[in-house]
Amino acid sequence: MLEITHLNKTFNPGTINEVRALQDVNLKIDPGSFVCVLGTNGSGKSTLLNAVAGTFLTDSGRITLNGRDITRWPEHRRASAIGRVFQNPFSGTAPSMSIAENLALAARRGRKRGLSWMLKPSLVNDLKKRVKDLNMGLEDRIDSAIGKLSGGQRQALTLLMSSWLKPDLLLLDEHTAALDPKTAGKVIELTERIVTEGKLTTMMVTHSMQQAVNLGDRIIMMHQGSIRYDFGGEEKKRLKVPDLLALFDELRRKDQIDNGVADLLIANYV
Amino acid sequence: MTLLLGSITIGLVLALLALGIFISFRIFSFPDITAEGSFTFGAAITASLIVAGVNPALATLMAFFGGMVAGAATGLIHTRFKINPLLSGILVMTALYSVNLHVMGKSNVPLLSKNTLFTWFEKIAVAISGQDTTVNVLGWSVAARDLWTLLFCLLIIVAFSLLLLWFFRTNIGTAMRATGDNDQMIRALGVNTNGMIIFGLALSNGFIALAGSMLAQLQGFADVQMGIGMMVWGLASVIIGEALISDRSLGMVIAGAVIGSVLFRLLVAIALRWGMNPNDLKLITAAFVFIALVLPGFMKKTKKINLLSHKHA
Numbered sequence: 001m002l003e004i005t006h007l008n009k010t011f012n013p014g015t016i017n018e019v020r021a022l023q024d025v026n027l028k029i030d031p032g033s034f035v036c037v038l039g040t041n042g043s044g045k046s047t048l049l050n051a052v053a054g055t056f057l058t059d060s061g062r063i064t065l066n067g068r069d070i071t072r073w074p075e076h077r078r079a080s081a082i083g084r085v086f087q088n089p090f091s092g093t094a095p096s097m098s099i100a101e102n103l104a105l106a107a108r109r110g111r112k113r114g115l116s117w118m119l120k121p122s123l124v125n126d127l128k129k130r131v132k133d134l135n136m137g138l139e140d141r142i143d144s145a146i147g148k149l150s151g152g153q154r155q156a157l158t159l160l161m162s163s164w165l166k167p168d169l170l171l172l173d174e175h176t177a178a179l180d181p182k183t184a185g186k187v188i189e190l191t192e193r194i195v196t197e198g199k200l201t202t203m204m205v206t207h208s209m210q211q212a213v214n215l216g217d218r219i220i221m222m223h224q225g226s227i228r229y230d231f232g233g234e235e236k237k238r239l240k241v242p243d244l245l246a247l248f249d250e251l252r253r254k255d256q257i258d259n260g261v262a263d264l265l266i267a268n269y270v
Numbered sequence: 271m272t273l274l275l276g277s278i279t280i281g282l283v284l285a286l287l288a289l290g291i292f293i294s295f296r297i298f299s300f301p302d303i304t305a306e307g308s309f310t311f312g313a314a315i316t317a318s319l320i321v322a323g324v325n326p327a328l329a330t331l332m333a334f335f336g337g338m339v340a341g342a343a344t345g346l347i348h349t350r351f352k353i354n355p356l357l358s359g360i361l362v363m364t365a366l367y368s369v370n371l372h373v374m375g376k377s378n379v380p381l382l383s384k385n386t387l388f389t390w391f392e393k394i395a396v397a398i399s400g401q402d403t404t405v406n407v408l409g410w411s412v413a414a415r416d417l418w419t420l421l422f423c424l425l426i427i428v429a430f431s432l433l434l435l436w437f438f439r440t441n442i443g444t445a446m447r448a449t450g451d452n453d454q455m456i457r458a459l460g461v462n463t464n465g466m467i468i469f470g471l472a473l474s475n476g477f478i479a480l481a482g483s484m485l486a487q488l489q490g491f492a493d494v495q496m497g498i499g500m501m502v503w504g505l506a507s508v509i510i511g512e513a514l515i516s517d518r519s520l521g522m523v524i525a526g527a528v529i530g531s532v533l534f535r536l537l538v539a540i541a542l543r544w545g546m547n548p549n550d551l552k553l554i555t556a557a558f559v560f561i562a563l564v565l566p567g568f569m570k571k572t573k574k575i576n577l578l579s580h581k582h583a
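So the sequences go chain by chain: A and B. All residue numbers for the first sequence refer to this note's numbering, where the first residue is 1 and numbers rise by one. All residue numbers for the second sequence refer to this note's numbering, where the first residue is 271 and numbers rise by one.
Hints are computed from structural coordinates only; laboratory data are not their basis. Idealized CB from N, CA, C, for every residue including glycine. Please note that a few of the clues may not be correct.
Below, a list of computed lysine-lysine pairs in the DSS-like style, where the Cα atoms sit at most 25 Å apart [stated by the list, open to error]:
1. Lys571/B / Lys148/A
2. Lys148/A / Lys573/B
3. Lys186/A / Lys166/A
4. Lys186/A / Lys129/A
5. Lys128/A / Lys240/A
6. Lys128/A / Lys186/A
7. Lys570/B / Lys148/A
8. Lys574/B / Lys148/A
9. Lys240/A / Lys28/A
In silico contact screen, one side only, chain B against chain A (beta carbon under 7 Å); selected entries [unchecked claim]:
10. Asn441
11. Thr444
12. Met455
13. Arg457
14. Ala458
15. Leu459
Same shape as in the complex, but just chain B (with noise of 0.2 Å):
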């Protein structure tokens, strides 16, 4: 039960992630893969801001800048220079794997006895339900923190979900949206849309790098490999979002990618507590992704295919 506990804990800090490369692929089906970078970025900045001292809430929010910084970058290098979108990403996720190790001055920056978002949960949670309690869920009985802990989590994405379904119905958030469907249109319509595209990775890697900085504390250190296969991943609980919600408003869409991101951490903590070994993670996630990617397409083939043969019949 702790297992799984910790497993939605990690899948709703993820969520954020998957928040972000829904804004980057879905919106603008921009493959930005400058989340690899930012991920890892914001982990980085989170760390070494808290180990020099710096308070949480401010360390995190600063992950947040640093991510969006880094996706203007990668905005500027596609629109500014022509140069295209995934080579864009490549560019800055290279060159942000050298910014991190100078971020955080070492490889692996461990967080331990540090104060973190989650430090300060677990200590609200022990002042509200008392050090050591156990709580009865469906049977078993968890740490009240753990509980706490998953609750605080949800509690922001919440937040930041309907921050983003806000976003997405105000004037410069419904503009956004059209960039990515019609370009052409926006523009005779007087929108910018490079300035439209900048701004729109920036607030997607903005989205990513919190999520790196949020995992960094929930799991007590910030490694610069960590950021290896994220945009995969998010790409992953955005399809499994979409494939269980058939609705595509865009409040269902933003939901589906928040329990799709649950949902592939929670099959992943299974498949490895089956002794699946943890080396063909990135395999079968990538593989999963690719099975996502082609089914839609496989089965109309198929479907069309049967339709004829029963008109031949």
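Looking at chain A on its own, in the form it has when it is part of the complex (with noise of 0.2 Å):
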């Protein structure tokens, strides 16, 4: 399905602002899978998601999407084969149109836009159906701005908008960190049904380990650019937020080493 390999980033090079956000990422996703991807702050979980969805383009290594070479496809066409829900829920919908016409322009993802109208009756029927699944109230108000709405509700909606034509691949870049906790597991509700519901493949980038103990069936945790633990099956149903909690500990502790050690070096040698 997704297979990433040797893929490096370095965000401006050459410069005192030099980040080496990607660094030799080698990954492999397996149809179905739903891979929850932890880090520390900076660690390029972020990137990486960017990297995949063709926010920008990458300086070496491929990323292969369902057989097909996507490395150098602008962010649109690969649009034709990725949903995503952004972590502000201000990115995900155009606020000034209403909800219908968000949906609409979803239900035509990664296809040519022509001359036909828009909301056809069938469609807005269609839309109506699935926006009153999401139980939020909202199939009343399709005709009305989607900017009036609660950021849990446009999130939701987003949610629905990634997956309204089945992606290849789902991402999810930290949906829920800028809604509060009642609202945040609403979302996640949503999104493990839509996930389960459509059997999709899904990236979900998050900083709460209790969501990444409880949803998918791997987790991947990213520090300084590259991917330092890889867990699946029985293991990742294993591990528990203590687990991860002291992993996180260990990263920390070898990066003082790290440092540590360059100091010693240095007092001794140079």
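Hey, can you piece these two chains together into the complex? The hints should help.
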């Protein structure tokens, strides 16, 4: 399904702000797999997701999706295979357009858009039904601007939009981080339902270890631009929050040792 | 009364300009000053073609395409070479000045004895109501052909407004609106936003060139200076429309731009009639747009201060 090999990305190369955001990342995700991506701040997890989505082009390495090499594809071309939900609830929807229009735009994700009428009655019926399934009482408001809705409602609609046409890959970039705990819980519930019902291959970046433990069938942990841990199958099922915390601690201690050793070497030999 | 009819007619023709500015400024938030060049470009193309004996309808159509090319050039410069919107427009506008002079061959092309869209309209009007008849409108007697000219312009502008409204409700038109609203979102849904910006600016400048073409035919000449200040003029029309109609639905906004254009032209005609120096026209237009842009924020602020002082009292 998704295969990433030797992927590298450096931002602002050769300047004082140089960031080696991705360093030799290798990852293979099976069809139908739900991968949670954990990592410290600046570990490159969102960068990895954006690299797959095509927000920027990578420096070296290869990304293949369903056997197609998409490494050099522009973002809008990859959209035919990839559904996305962003961290910021404002990013995933067009605020001044109606709920119906937003959903209708998503109903043609990656397809040709011609001069045919957008809100055909059959489509409107279909989207009313699907909005009703969200149980948010939005089905009577499909003609009102989406910008008037709460963050949670917008994220729920973005989820619905990203999965309207079954994507080969669903990318969720900390999509509950900006929501209050109760709303976040609801959106996670919806995420689980949509992913399970559609048997979607999913990558979800999250800060919440509880989410990572509860959801999905695989956890990868990133640190300083590369994947440090990868748990799947039974191993993932046994993993609990304290185990993950311990791993984070270990990564942090290793960093300190790295610096400590460098200091020691400098003191002794330079 | 003749003056009033004439003003409304010009207002209707310039409504095409307002619609063009609406596309670039309101749909894309792109302050596209190409308008000043493409307006003249449209006039220049039509005037030269008509002088060369080309059918006026075809000459008008060519102006539309000319405007589209100009808009696409601005869009290309902006998206392909990452040049800021205002500067992209300035580059094309400046280049168009020379192009317009070349197209016209001189700085002013008169169309007085030529066949234009409006001489056609007049012929049809004469055929329907006879030569030199007058019609009674609200107690004033006006020349029937002036009234007919106005009606034809109204018909054209209504047709283009409906066409635009329909376009913005199609799949591609909705994607265009979304590009201006949230480009990140619509890219994630598979739309090439750069292509959309180029197409949108082409459409916008097509409308603007069409306005230039029709104005040249209406007033009987094309002049290389006629585009100056047109962007602000269009903006003023759009802003008046928005102030008049609080409904933000697409159809209402488009109708607002048309009504705004006519009203603005009437205001200008009245001001000139009352003895305003025509040289002050652009200054006052600019001041008007400035006030219209600043006023909403200013009113919000004073409202807030009022609320606060009420609380303290």
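For each hint, the structure was consulted:
1. Lys571/B / Lys148/A: 22 Å, holds
2. Lys148/A / Lys573/B: OK: Lys148/A and Lys573/B at ~22 Å, within 25 Å.
3. Lys186/A / Lys166/A: 22 Å, holds
4. Lys186/A / Lys129/A: At roughly 19 Å apart (the allowed maximum being 25 Å), Lys129/A and Lys186/A satisfy the hint.
5. Lys128/A / Lys240/A: 40 Å, violated
6. Lys128/A / Lys186/A: Judged against 25 Å, a Cα distance of about 20 Å means the pair holds.
7. Lys570/B / Lys148/A: 19 Å, holds
8. Lys574/B / Lys148/A: 21 Å, holds
9. Lys240/A / Lys28/A: 23 Å, holds
10. Asn441: Holds, because the Cβ-Cβ distance from Asn441/B to chain A comes to roughly 4 Å (cut-off 7 Å).
11. Thr444: Since chain A brings a Cβ to about 5 Å from Thr444/B, closer than 7 Å, the hint holds.
12. Met455: For Met455/B, the interface hint holds, since the closest Cβ of chain A sits about 6 Å away, which is under 7 Å.
13. Arg457: At about 5 Å, which falls below the 7 Å cut-off, the nearest Cβ of chain A leaves the hint on Arg457/B intact, so it holds.
14. Ala458: Constraint on Ala458/B satisfied, holds at 5 Å.
15. Leu459: OK, holds: Leu459/B within 7 Å of chain A, min 5 Å.
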